[in-house]
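Residue numbers (our numbering), protein chains in the order written: chain A, 1 to 114; chain B, 1 to 114.
Read the hints as simulated data drawn from the structure, not as lab findings. The structure displayed is predicted, hence computed values, not measured ones. Please note: incorrect hints may appear among the correct ones.
[Said to hold, decoys possible] Simulated crosslink set (EDC-like; lysine to aspartate or glutamate; CA at most 20 Å straight-line): (1) A:K41 / B:D22; (2) B:K16 / B:D86; (3) A:K55 / B:D22; (4) A:K64 / A:E87; (5) B:K73 / A:E52; (6) A:K41 / B:D86; (7) B:K3 / A:E22; (8) B:K73 / A:E63; (9) B:K101 / A:E87; (10) A:K20 / B:E44; (11) A:K41 / B:E44.
Residues per chain are reported as follows:
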Amino acid sequence: GAVVSQHPSWVICKSGTSVKIECRSLDFQATTMFWYRQFPKQSLMLMATSNEGSKATYEQGVEKDKFLINHASLTLSTLTVTSAHPEDSSFYICSVQRQGNIQYFGAGTRLSVL
Amino acid sequence: AQKITQTQPGMFVQEKEAATLDCTYDTSDQSYGLFWYKQPSSGEMIFLIYQGSYDEQNATEGRYSLNFQKARKSANLVISASQLGDSAMYFCAMRERGDYKLSFGAGTTVTVRA
Numbered sequence: 001g002a003v004v005s006q007h008p009s010w011v012i013c014k015s016g017t018s019v020k021i022e023c024r025s026l027d028f029q030a031t032t033m034f035w036y037r038q039f040p041k042q043s044l045m046l047m048a049t050s051n052e053g054s055k056a057t058y059e060q061g062v063e064k065d066k067f068l069i070n071h072a073s074l075t076l077s078t079l080t081v082t083s084a085h086p087e088d089s090s091f092y093i094c095s096v097q098r099q100g101n102i103q104y105f106g107a108g109t110r111l112s113v114l
Numbered sequence: 001a002q003k004i005t006q007t008q009p010g011m012f013v014q015e016k017e018a019a020t021l022d023c024t025y026d027t028s029d030q031s032y033g034l035f036w037y038k039q040p041s042s043g044e045m046i047f048l049i050y051q052g053s054y055d056e057q058n059a060t061e062g063r064y065s066l067n068f069q070k071a072r073k074s075a076n077l078v079i080s081a082s083q084l085g086d087s088a089m090y091f092c093a094m095r096e097r098g099d100y101k102l103s104f105g106a107g108t109t110v111t112v113r114a
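In isolation and in its complexed conformation, chain A is listed as follows (with noise of 0.2 Å):
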């Protein structure tokens, strides 16, 4: 069954709102969480590092104010898109490190902005 959940699916938003995404850990505490952005047809980015308790670890030219993680629980972090453009359009998935070395991901979320 699966490990991670993720939702929404899809999001479609007008430009200037904010969208939240959120990713749970559904059987277990993951301490630690990892946003991905995806354009078509490209590979997984890393975004940022998202720790329960704790301030995110975002990559370099990822804009902190852009996309606000949250992990306020060891099994829920969220990801923010505020002030959303259209530039902002793309696949984000989340993944959770469990105990060994599998990274397990999310289904995913389309976000569109209009």
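Got chain A sorted already, so can you dock chain B onto it with the hints?
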């Protein structure tokens, strides 16, 4: 420098035949992990197989096997007895020692023909 190189953007495979997907990696670490993920058109990332750098045996998971050639820094994925449902994008990834992050290759799109 590119850590993971997948030289095949796309490939066609006949149903029931084997497919070999190339992956080479670059690291100076002695301890690292190599992963393969499958991404169908729905977008979810499905973990397929893992190989640790110290594992002496090639990893196998059902119809998937990883041809690990450490000296050549190669970690090719072999899909045996291809099925139509194997049509997807496949990503090779690496995690280096002391780092939770995954570095992904550009991906290979596999199309299985009936």
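Taking the hints in turn, this is what the structure says about them:
For a cut-off of 20 Å, the pair hint linking A:K41 to B:D22 stands: about 18 Å separates their Cα positions. About 11 Å separates the Cα atoms of B:K16 and B:D86, which keeps this hinted pair within 20 Å; it holds. For a cut-off of 20 Å, the pair hint linking A:K55 to B:D22 is broken: about 37 Å separates their Cα positions. Taken as a hint, the A:K64 and A:E87 pair is honoured in the structure, with Cα atoms around 16 Å apart against an allowance of 20 Å.
Restraint check: the Cα-Cα separation between B:K73 and A:E52 comes to about 35 Å, which exceeds 20 Å; the hinted pair is violated. The straight-line distance between the Cα atoms of A:K41 and B:D86 is roughly 17 Å, inside the 20 Å bound, and the hint therefore holds. Note on B:K3 and A:E22: the hinted pairing is violated, with a Cα-Cα distance of about 30 Å set against a maximum of 20 Å. Restraint check for B:K73 and A:E63: the C-alpha separation of about 34 Å exceeds 20 Å, so the hint is violated.
Only pairs whose Cα atoms come within 20 Å are accepted, and B:K101 paired with A:E87 is rejected, the gap being roughly 25 Å. Straight-line distance between C-alpha atoms of A:K20 and B:E44 comes to about 19 Å, which keeps the hinted pair within the 20 Å bound. At most 20 Å may separate the alpha-carbon atoms for a hinted pair to count; A:K41 and B:E44 meet this at roughly 13 Å.
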